[in-house]
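Please build the complex by placing chain B on the supplied structure of chain A, with the hints as guidance.
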Amino acid sequence: MFPSYDEISAWLPDLLGGLSISLQVTALSLLIGIPFGLLLALGVLANNRVVKGLSLFLVEIGRGAPALVLLQFIYFGLPTTGLTLGSYTAAVIALAWNTGAYTSEIIRASLQSVAHGQREAAVALGLNRLDELRYVLLPQGLRVALPALLGFSILIFQGTSLCFTIALPELVSRAYEIGSTTFRYFPALLCAGVLYASISIPTALLVNHVEKRAGLYAHR
Amino acid sequence: MSLTDLLPLLRGLTWTVALTAGAFLIGAVLGVPLLAARQSRLPPLRFLAMVIIQIVRAIPPILWLFIIFFGLGMGVMPISPFNAALVGLGLIAAANMAEIYRGAVASIHHGQFEASAALDLGRWSTLRDIVAPQAFRVALPSAASYLIGLMKETAVASTIGVAELAYQGNQLSQLTYRGLEVFALVGLFYVLLSLPIAWLSRVADAYLQTKVAR
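In the order they appear, the protein sequences are chains A and B.
Read in the working numbering, the first sequence has 17 at position 17, and its numbers run on one by one without any break.
Read in the working numbering, the second sequence has 145 at position 145, and its numbers run on one by one without any break.
Chain A on its own, in the form it takes in the complex:
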């Protein structure tokens, strides 16, 4: 039922290789997705109707469709238009889209939470829109958004497990492969679970800590 010591030492390099791919995809998705989310948030708040409509469309699809369907749409769907992507690229694009859609809502809410007087003061000081955003709104807004963004990064890390379906050799794929060659599914999957938990649980505790710290300054 449980993996023996020999099994663990035999499987571990393979599983850690998978974990490293999961972490890479997570990091790339967040690095691309969060700035994309900021753009989408600004797009949704924009006065231009075309920009607003397009941003809303991208946000609603990215949030409304399951990440699994986005992934399969990009990996299996796009090739019919002649655009074929590797599973790694497809995974990053789909998860970055998903990240952008969710974080745009988080960022939009945090920008709107900045007190109205701050905006008025920025206008009174003659700052242009970009400087207003850069020096006034973002530093205050991102502080509010930080716990939620961190919490979302755990979800995206777990979301990389969906890349199993597009044959990316990440953690779940590796564990499943070990299971199907040795027929020791339960122990192999259990090891993968422990590896996921060893990243998710400390991060969740960190999020709790940041939430409490951020809450200290939120009372005005």
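Keep in mind that the hints were calculated from the coordinates and are not lab data.
In this text, a Cβ means the ideal position worked out from N, Cα and C, and glycines have one as well.
Some clues are possibly wrong.
Only part of the chain B face toward chain A is listed, based on derived beta-carbon distances under 10 Å [said to hold, decoys possible]: (1) Ile59; (2) Leu63; (3) Gly71; (4) Leu165.
Far from chain B, some chain A residues (derived; all Cβ distances over 12 Å) [said to hold, decoys possible]: (5) Asp14; (6) Gly17; (7) Ala27; (8) Leu54; (9) Tyr75; (10) Tyr88; (11) Gln112; (12) Val114; (13) Gly126; (14) Leu138; (15) Arg143; (16) Pro147; (17) Leu149; (18) Ala197; (19) His209.
The following block gives chain B in isolation, referenced to the frame of chain A:
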């Protein structure tokens, strides 16, 4: 793509709805004892509940389904894909619902507890008559948005062969070689499914807001 191609998608839709409803029901019911254990006066019980909630939430849904379907299903006792998905997603829903209930109970003003104590209501009566009705109202919007999230999560059941929407979409795209349209349609179906839930939640919330005084 013709209209007959849509039939499998519609059949998949019913499985998605069944799986979502079943897992949510399991979660909403099991979440209550889990919350009770989480708030218990006995430290070991409290700790155990916290560990269970953390571990369930720390592991991705797809891995839970694999552990139940391949891990337990091939070694310990055979289990059908649908039941494995129901158990796995129900377990995850229970942990998440317990956290939603906890947030709702925590949001209730402590004056309500003091008033109950002043009126000499017992522990059980306080919970049933004072806390539960108000907590239900507070929990409703987050429970509804979780239900929508869970509905999208059921797509992972396609990986263990439950013939739900994402699975049917996958089959259909291989059959017709028109992945773009098929997956766009599948995505649209998920969005359409979430609309009535969001609408119902808004209506129920507005009704409960007027009915229960603050």
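Can you give the numbers of the hints that this structure goes against, from lowest to highest?
-> 9, 18
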